[in-house]
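> Going down the list, the protein sequences come from chains A and B.
Numbers 1 to 416, taken from our numbering, label the letters of the first sequence in order.
Numbers 1 to 416, taken from our numbering, label the letters of the second sequence in order.
In case anyone wonders, no lab produced these hints; they're calculated from the structure.
These figures come from a predicted structure and were not determined experimentally.
Simulated crosslink set (PhoX-like; lysine-lysine; CA at most 20 Å straight-line):
{"#": "1", "chain 1": "B", "residue 1": "K386", "chain 2": "A", "residue 2": "K386"}
{"#": "2", "chain 1": "A", "residue 1": "K68", "chain 2": "B", "residue 2": "K403"}
{"#": "3", "chain 1": "B", "residue 1": "K403", "chain 2": "A", "residue 2": "K386"}
{"#": "4", "chain 1": "A", "residue 1": "K308", "chain 2": "A", "residue 2": "K345"}
{"#": "5", "chain 1": "A", "residue 1": "K386", "chain 2": "B", "residue 2": "K184"}
{"#": "6", "chain 1": "A", "residue 1": "K403", "chain 2": "B", "residue 2": "K68"}
{"#": "7", "chain 1": "B", "residue 1": "K68", "chain 2": "A", "residue 2": "K184"}
{"#": "8", "chain 1": "B", "residue 1": "K386", "chain 2": "A", "residue 2": "K184"}
Stretches of chain A that chain B covers, calculated by requiring three or more beta carbons in the stretch to come under 8 Å of a beta carbon on chain B:
{"#": "9", "segment": "57 to 67"}
{"#": "10", "segment": "178 to 187"}
Heads up, the beta-carbon is just placed ideally off N, CA and C, and yes, glycines get one too.
Number of protein chains: 2
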Amino acid sequence: MVRKVVIVGGGFGGLAAAKALARNADLQITVFDRRNYHLFQPLLYQVATAGLSPADIAVPIRAILSGKSNVEVTLAEIDGVDLAAKTVRSGTRNWPFDSLVLACGARHAYFGHDEWEEHAPGLKTLEQATEIRRRILLAFELAERATDPEERKRYLTFAIVGGGPTGVELAGAIAEISRTTLEKDFRHIDPARTRVVLIQGGPRVLEAFDESLSRRAARDLETLGVQVWTSSRVTEVTADGVRLGSESLRAGTVIWAAGVQPSPIGRALGVPLDSAGRVVVGPDLAVPGHPDVFVIGDQAAVRGADGKPLPGLAPVAMQEGRYVADLVRRGVPAAERAPFRYLDKGQMATIGRSRAVLEFGALRFGGFLAWAAWLFIHIFYLIGFKNRLTVFANWTWSYLTFKRGARLITERDWRA
Amino acid sequence: MVRKVVIVGGGFGGLAAAKALARNADLQITVFDRRNYHLFQPLLYQVATAGLSPADIAVPIRAILSGKSNVEVTLAEIDGVDLAAKTVRSGTRNWPFDSLVLACGARHAYFGHDEWEEHAPGLKTLEQATEIRRRILLAFELAERATDPEERKRYLTFAIVGGGPTGVELAGAIAEISRTTLEKDFRHIDPARTRVVLIQGGPRVLEAFDESLSRRAARDLETLGVQVWTSSRVTEVTADGVRLGSESLRAGTVIWAAGVQPSPIGRALGVPLDSAGRVVVGPDLAVPGHPDVFVIGDQAAVRGADGKPLPGLAPVAMQEGRYVADLVRRGVPAAERAPFRYLDKGQMATIGRSRAVLEFGALRFGGFLAWAAWLFIHIFYLIGFKNRLTVFANWTWSYLTFKRGARLITERDWRA
Numbered sequence: 001m002v003r004k005v006v007i008v009g010g011g012f013g014g015l016a017a018a019k020a021l022a023r024n025a026d027l028q029i030t031v032f033d034r035r036n037y038h039l040f041q042p043l044l045y046q047v048a049t050a051g052l053s054p055a056d057i058a059v060p061i062r063a064i065l066s067g068k069s070n071v072e073v074t075l076a077e078i079d080g081v082d083l084a085a086k087t088v089r090s091g092t093r094n095w096p097f098d099s100l101v102l103a104c105g106a107r108h109a110y111f112g113h114d115e116w117e118e119h120a121p122g123l124k125t126l127e128q129a130t131e132i133r134r135r136i137l138l139a140f141e142l143a144e145r146a147t148d149p150e151e152r153k154r155y156l157t158f159a160i161v162g163g164g165p166t167g168v169e170l171a172g173a174i175a176e177i178s179r180t181t182l183e184k185d186f187r188h189i190d191p192a193r194t195r196v197v198l199i200q201g202g203p204r205v206l207e208a209f210d211e212s213l214s215r216r217a218a219r220d221l222e223t224l225g226v227q228v229w230t231s232s233r234v235t236e237v238t239a240d241g242v243r244l245g246s247e248s249l250r251a252g253t254v255i256w257a258a259g260v261q262p263s264p265i266g267r268a269l270g271v272p273l274d275s276a277g278r279v280v281v282g283p284d285l286a287v288p289g290h291p292d293v294f295v296i297g298d299q300a301a302v303r304g305a306d307g308k309p310l311p312g313l314a315p316v317a318m319q320e321g322r323y324v325a326d327l328v329r330r331g332v333p334a335a336e337r338a339p340f341r342y343l344d345k346g347q348m349a350t351i352g353r354s355r356a357v358l359e360f361g362a363l364r365f366g367g368f369l370a371w372a373a374w375l376f377i378h379i380f381y382l383i384g385f386k387n388r389l390t391v392f393a394n395w396t397w398s399y400l401t402f403k404r405g406a407r408l409i410t411e412r413d414w415r416a
Numbered sequence: 001m002v003r004k005v006v007i008v009g010g011g012f013g014g015l016a017a018a019k020a021l022a023r024n025a026d027l028q029i030t031v032f033d034r035r036n037y038h039l040f041q042p043l044l045y046q047v048a049t050a051g052l053s054p055a056d057i058a059v060p061i062r063a064i065l066s067g068k069s070n071v072e073v074t075l076a077e078i079d080g081v082d083l084a085a086k087t088v089r090s091g092t093r094n095w096p097f098d099s100l101v102l103a104c105g106a107r108h109a110y111f112g113h114d115e116w117e118e119h120a121p122g123l124k125t126l127e128q129a130t131e132i133r134r135r136i137l138l139a140f141e142l143a144e145r146a147t148d149p150e151e152r153k154r155y156l157t158f159a160i161v162g163g164g165p166t167g168v169e170l171a172g173a174i175a176e177i178s179r180t181t182l183e184k185d186f187r188h189i190d191p192a193r194t195r196v197v198l199i200q201g202g203p204r205v206l207e208a209f210d211e212s213l214s215r216r217a218a219r220d221l222e223t224l225g226v227q228v229w230t231s232s233r234v235t236e237v238t239a240d241g242v243r244l245g246s247e248s249l250r251a252g253t254v255i256w257a258a259g260v261q262p263s264p265i266g267r268a269l270g271v272p273l274d275s276a277g278r279v280v281v282g283p284d285l286a287v288p289g290h291p292d293v294f295v296i297g298d299q300a301a302v303r304g305a306d307g308k309p310l311p312g313l314a315p316v317a318m319q320e321g322r323y324v325a326d327l328v329r330r331g332v333p334a335a336e337r338a339p340f341r342y343l344d345k346g347q348m349a350t351i352g353r354s355r356a357v358l359e360f361g362a363l364r365f366g367g368f369l370a371w372a373a374w375l376f377i378h379i380f381y382l383i384g385f386k387n388r389l390t391v392f393a394n395w396t397w398s399y400l401t402f403k404r405g406a407r408l409i410t411e412r413d414w415r416a
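Excised from the complex, chain A in its bound form (with noise of 0.2 Å):
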């Protein structure tokens, strides 16, 4: 008899789980994602920061998986989940399933103030990380044009919140292109006076990483010129900055990059949520109650063996969706199910050009090497040899001449 397996989301737990999948051929797999591609997004910052484009680190979902022929793809956003009826629903449209795997991921939070995004976007997706792209070019423009100092230093400083891998990631580049790539394009301007101020609310930048790591992030980040303001916590955003308490930064561009939170789908299925909002799984990934139900990835709350929430990152949704895809594919029944296990694959986050830190296990580094480590494992891991082709040749092309391919400002609407 042929199962129907249904996978919610296209990410890296998702397409794990389908591609182990799809080798069974008594299973019948639909993978539905509101997005037609699959998204590499500890590569979304370089689109925001002009050095790639977004069809490097995108791929249709359809194409990657076009030779399985009991995988199929539908362009839909399930909007519910009917746990008693086993279907899931898009609008007035159901489908059925066997087994279900929600692996629908996490967009940015503001924390209960969404009316902040409009003046500091988040980073999460395609086209806000053109958006993003767009504002920091825009900037140096205005700022060109400017014919009040006080103006064009407003235009010259971008506040980025958040200290975790992404903002970091963004501070530097930023930085770097205003001190190298923009170097000698302005006349009215010194690019390389602009203000970078990254904003964490914790004592240290990168949390998540040991301490050594994280007073050598902040090192580097400082030798390119970025301002880190450790323990400040932002209350407000404006058109005009930010303020933190009663200080306040004028800022052009204000770049978000503090939070996320899991996909409401969660929330839909009325089954218990941990504080972040996130399903609480059992040890085998499956709703409580669902054997047939399983949440992975960023959307899930998983605790590893040391008792602590595991990570947002797409080793462990990979690996809960090979995990998940083994249980469905055997049939295993809930009471026979070994525990998921997380196999740690350590964590990295570049800062700028040639500097990286680098933890896996007991082994901590930073510098050049662990920047090496950081380019080869990002080229290996993009879906596509196209991709992994481009995303080299870019970066030897950025490498060697500190410029950035794609300093575009595009309109948000095609008819302007």
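Starting from the known structure of chain A, fit chain B onto it as the hints suggest.
Quick look at chain B alone, frame taken from chain A:
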């Protein structure tokens, strides 16, 4: 004494003028554009059909001119010219000039039916190209998801209005994608059954070419599966498709490639325009009575040696730009100016992979050789070494694999 030269527009004409003028230290040149990039428009249809990324065919004007210290670039839309005071205006700000070169190009036109734009976008900007790409790719997705066979058929019908080079290139590329690139990607539709209809008002496609090449292009298009409807005039465009007098065609996607109109800035000058709205210039490309104000490219009505208006092609604009730059540089008085002469560089259009038509004086041919010439010339004239390399690599890859690298359906709003 340093003379101020203002160039409005960073297209083929404006850029050619700026480059030719930059050699002179006694000139201070400002290039205005409402975009920050120069766009290689002949390849725009490749972005619209997912073959290239926007950054492959666009380069920041600032980067192109960065080494030329007497040239500055200002991102601003010029909305008025005061011929008497010799200033250009953007909003409330005025910039003075000694010499002015207007090179603002053309946008697409609906012949008084601007309400058609929503249903049938034109192809003149990068935003329009990604919007058309979105619509083409989305049509296949919606067809795959459709349950009603009539709806499915409508989604798989593409109507291209206008049989000039852009219409021919778009129709050929869409037919090709459906028959090769997407062949194995869907489960519920056969993309090869896609219907592409090219609608041409006149009796033949590529009317500017010799009749033998029109016939050849039509035959090549039909080989690719395109239905060529000549002598068919669109009388209405709706959300459902197009109406042609008493006939109608249900189409999920309609693309407008039927007409252009010059930039409105020409009208604001208050000088005589031709019936198409282009500024009527003298044989020295200056506005009659204003020897220091030149209009070039698609915005100018210039007659060739045969008395016919020069076509809206890149070589025309570039030659005009260099001619005008020479007059300005040498400060030639109006009475002593030798008239502009266009050196015919021929014309070409491509019809999918391995097929093109080419006309150069008495030389006329089609097929693989014309396509190879098209390829070589388009790569050669792309600005920037990196773009040439990327486009060449992309095309080689597409040629070998039949794949297209930029199949992304991105949303219009970054908050989506």
